[in-house]
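Enquirer: Each chain is listed here by its residues.
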Amino acid sequence: MAKHHSSGMDRTFWALADSTRRGVLQRLIDEPGLSVSALAESFSLKLPGMTKHLDVLSDAGLITRTKTGRTVAVTLSPAPMQEAIAWLNRYERFWSVSLNRLTALVEQDGEP
Amino acid sequence: MTDRLSSLTLVRRIKAPPAKVWAAITRPDLMLQWWGPDAGPTLSVEADVRPGGRFSVVFRLLNGDEHNPTGVYREVAPEKKLVFTWDVPGAPEPESLVTFRLEPFDGGTELTLTHERLPDEAARASHEHGWNGLLDKLPVYLGVAP
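Going down the list, the protein sequences come from chains Y and V.
Residue numbers for the first sequence follow our numbering, beginning at 12 and rising by one.
Residue numbers for the second sequence follow our numbering, beginning at 35 and rising by one.
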């Protein structure tokens with residue numbers, strides 16, 4: 012199971028590596044349910060270009076798309092991103108505290 | 035890929051020479067004294083500090099949980115750079131890479147730590163697939179395809 016999990020993490024990081032895709036997620040935080048065409052317009056992209064970005068985000072499980080008639084609404088699905096952020100936070104805490112202790116250790120006198 | 039969510043970097047300016055900092059990050063008896071994310075004890079450290087050598091650290095958190103990160107040293111440049119892989123057996127997280135860089139600074143040491151995640155096998159495979167695809171096309175391009 013760990014393998015699937017880490018593959019998911021990779022898709023998340025890949026999806027977040029692009030500034031347009033991060034921008035889309037940001038927009039969706041403010042305006043959940045925005046349509047694909049509205050998103051394309053606000054990023055000055057043609058529909059197929061925006062659709063490609065949305066495919067990457069969707070593969071990473073970061074968004075869901077719902078079709079109503081001719082309109083496709085996009086909403087955020089933030090669980091995988093939270094996982095990525097949790098990884099980062101965990102190690103930030105781990106190393107911050109460890110490095111504080113390391114610094115204190117080597118700055119004290121008399122140590123080799 | 036320059037994704038700020040896939041790596042973290044911490045910088046510390048330390049009032050001790052690089053030799054002393056290097057000792058602290060490579061000698062098991064000194065590593066025991068600082069390695070860990072809270073005031074819980076570091077229980078054991080094994081470190082075979084040479085390229086290809088392994089390390090294994092066991093520490094216990096204040097909440098009683100024990101963790102055992104292990105890894106392999108990739109690069110060992112005394113008093114300058116230490117690179118090792120980081121794996122937490124059984125934990126659902128990707129393999130990652132830790133780099134310590136030491137630079138003399140104002141009579142002390144500037145220590146830069148980077149912890150970055152590595153692409154997993156699926157990502158590596160797709161990368162290789164991409165290269166293989168290119169190599170497949172090359173003979174066609176050169177007009178030497180059968």
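In case anyone wonders, no lab produced these hints; they're calculated from the structure.
Any given hint might turn out to be false.
[What the hints assert, rightly or not] Not close to chain Y: a few residues of chain V, all C-beta gaps over 10 Å, as computed:
no., residue
1, 77
2, 89
3, 90
4, 92
5, 110
6, 139
7, 140
8, 149
[Stated by the list, open to error] Not the full set, but computed from the structure, chain V residues with beta-carbon under 8 Å of chain Y:
no., residue
9, 58
10, 112
11, 115
[Said to hold, decoys possible] According to the in silico footprint, chain Y covers these stretches of chain V (three or more CB under 8 Å from chain Y):
no., stretch
12, 42-50
13, 60-74
Using N, Cα and C, we set each Cβ at its ideal position, and we do this for glycine too.
Enquirer: Is the Cβ of residue 92 of chain V more than 10 Å away from each Cβ in chain Y?
Expert: Consistent with the label, residue 92 of chain V stays out of reach of chain Y, its closest Cβ about 14 Å off (over 10 Å).
Enquirer: Taking the closest Cβ pair, is residue 58 of chain V under 8 Å from chain Y?
Expert: holds (5 Å)
Enquirer: Do at least three Cβ atoms from the stretch 42-50 of chain V come closer than 8 Å to Cβ atoms of chain Y?
Expert: Answer holds; 6 residues pass the 8 Å Cβ test.
Enquirer: Would you assess whether residue 149 of chain V, listed as outside the interface, keeps its beta-carbon beyond 10 Å of every beta-carbon in chain Y?
Expert: Check fails; 5 Å does not lie beyond 10 Å.
Enquirer: Minimum Cβ distance from residue 115 of chain V to chain Y below 8 Å?
Expert: Result: violated, 16 Å to nearest chain Y Cβ.
Enquirer: Taking 8 Å as the limit, does the beta-carbon of residue 112 of chain V come near enough to a beta-carbon in chain Y?
Expert: This hint is violated: residue 112 of chain V lies away from chain Y, its Cβ roughly 15 Å from the closest one there, beyond 8 Å.
Enquirer: At 10 Å, judged by beta carbons, does residue 140 of chain V keep clear of chain Y as stated?
Expert: Nearest chain Y Cβ is 14 Å from residue 140 of chain V, so the label holds.
Enquirer: Quick one: work out the minimum CB distance from residue 110 of chain V to chain Y and report holds if it exceeds 10 Å, violated otherwise.
Expert: holds (18 Å)
Enquirer: Since residue 77 of chain V was said not to touch the interface, does its Cβ keep a gap of more than 10 Å from each Cβ of chain Y?
Expert: Given a closest Cβ separation of 15 Å, the condition holds.
Enquirer: Given as covered by chain Y, does the stretch 60-74 of chain V meet the bar of three residues or more with CB within less than 8 Å?
Expert: Three-residue rule met by the stretch 60-74 of chain V, so holds; n is 7.
Enquirer: Once the closest CB in chain Y is found, is it more than 10 Å from residue 90 of chain V?
Expert: holds (16 Å)
Enquirer: Regarding the assertion that residue 139 of chain V does not contact chain Y, is the least Cβ-Cβ distance greater than 10 Å?
Expert: The claim stands: residue 139 of chain V keeps its Cβ more than 10 Å from every Cβ of chain Y (closest is about 13 Å).
In summary, the numbered hints that this structure violates are 8, 10, 11.
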